[in-house]
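Construct all of the structure, not just a fragment, from the sequences and the given hints.
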Amino acid sequence: MYKKYCGGALLALLVAACSPTKKTAFAKDEFKEWAQTPPMGWNSWDCYGPTVEEHEVKANADYMAKELKSYGWEYVVVDIRWFVENDKAGGYNQTNPIYVIDQYGRYQPATNRFPSAKGEKGFKELADYVHSKGLKFGIHIMRGIPKKAVEEKMPIKGTNGITADQIYSTELQCEWLKDNYTIVASKPGAQEYYNSIFELYAAWGVDFIKIDDLSRPYHEGEINLIRNAIDNCGRKIVLSTSPGETPVEKAAHVKSHANMWRMVDDVWDTWPHITHLMEVCQKWYPYIAPGTWPDCDMIPLGRISVRGERGEDRMTRLTKDEQYTLMTLFTIFRSPLFFGGDLPSNDAFTKSLLTNKDVLKMHSESTAVKQLFQKDGKVAITSKNSKTGETYLAIFNMSDTPNVNVQVNLAELGVKEGAEITDMWSGKSLGKASAQFAQPLAPHASTLIKISK
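Numbering-wise (the working numbering), the sequence shown opens with residue 751 and increments by one.
What the hints contain is simulated information worked out from the structure, not anything from laboratory work. It cannot be assumed that every hint is accurate.
[Unchecked claim] Restricting the straight-line Cα-Cα distance to at most 25 Å, the calculated cross-link-like pairs of lysine to any residue (SDA-like) are:
(1) Lys838 to Glu803
(2) Lys1000 to Ala935
(3) Lys897 to Pro993
(4) Lys773 to Gly911
(5) Lys1000 to Val1014
(6) Lys868 to Lys897
(7) Lys819 to Glu783
(8) Lys819 to Ala1098
(9) Lys1137 to Leu1122
(10) Lys1070 to Ser1176
(11) Lys1182 to Gly1139
(12) Lys1101 to Met1065
(13) Lys808 to Thr861
Right, here's the structure in full:
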């Protein structure tokens, strides 16, 4: 089932009113300037799955504006299937979904979940609300073209008579969600379809887009279309490709087309997800760079699965040591940070993980991120701050063995004896540097330090 918007004249007036008066194409690689530091925000997936509603998005935006914005958190992202009126948690309603779609085959927000979209306004009013808080607004989509658009042979905006059924293929259709078909990049009308949806998103005021089912297998053709569409839509929209594992042999291409890309599938609140992520990160250190970020996925902390996909409504199952380890890895690796829990439900400990100024300064400013070793459950990662001269060091015990002594030769990091060592999570001084830094760690625990000149 679906609901189709047919008010073409009204829609055209609204789009014209909301669109920039003149669209200027961005220069090649200019998009990298839009995310010079790793993006930070909130995403609705971990807590609300495909069922998030407008009042919940606003509540999370309100919390971010009040509690987190001053620390660099800025994106508020509505995740998957915002265009389905009757979706469900714990999976997707693929039996009788009611889609909301316009006459050009472009999904629209379901107004029973997003009341401000009534009158064919799309996400414009919700984006305006988020922007009024000094924040940025994002959405999730699936790659491809809606099956309904193909079945109804809907016209593609910006073409002379090309319809949706002329640009699709059933090959490589997403295996786990059947809303869309693949777009054949070489077909006339393919670029115009992606242009049309990004024209719409620009009119709504979208600042960030997460596009799913692009990475495994790697859909180079559609990624090219998406990059072209963003670069010509007249609005700076940060692009996140999802999910992983993005093939590392496509690193050069993804760096030239996306601001961030997933390295792994969804990361949930179990220890094996963290150990797998640590292993996969090893391939991606050389590709960490301003504007283009390997992505560790969302942060499954705080209250998750309110109406989610994995388990019942709960606070994260990770222990405090494991939560520190996750946040230490994400921040020293300089992954984008997208919190997955319901922000208004945060307790004091969860909030402390998101508001540590020293840790976030490292995340924003550090350079030369590299792994020193990963062996027998012992891991060490380091980076430097070229502005302050500080050296950062994270050590981990990824094993189940207690009191594992993780040791690093500080001279190899260019650290001189006598330099001041500070525990970054607690702020406590650990004394003066000697030739070695070593610390016994409990199972799944970590330590993050900064070493000052």
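- Task: Against the structure, test the hints numbered earlier, and report the numbers of the ones violated in rising order.
- Result: none
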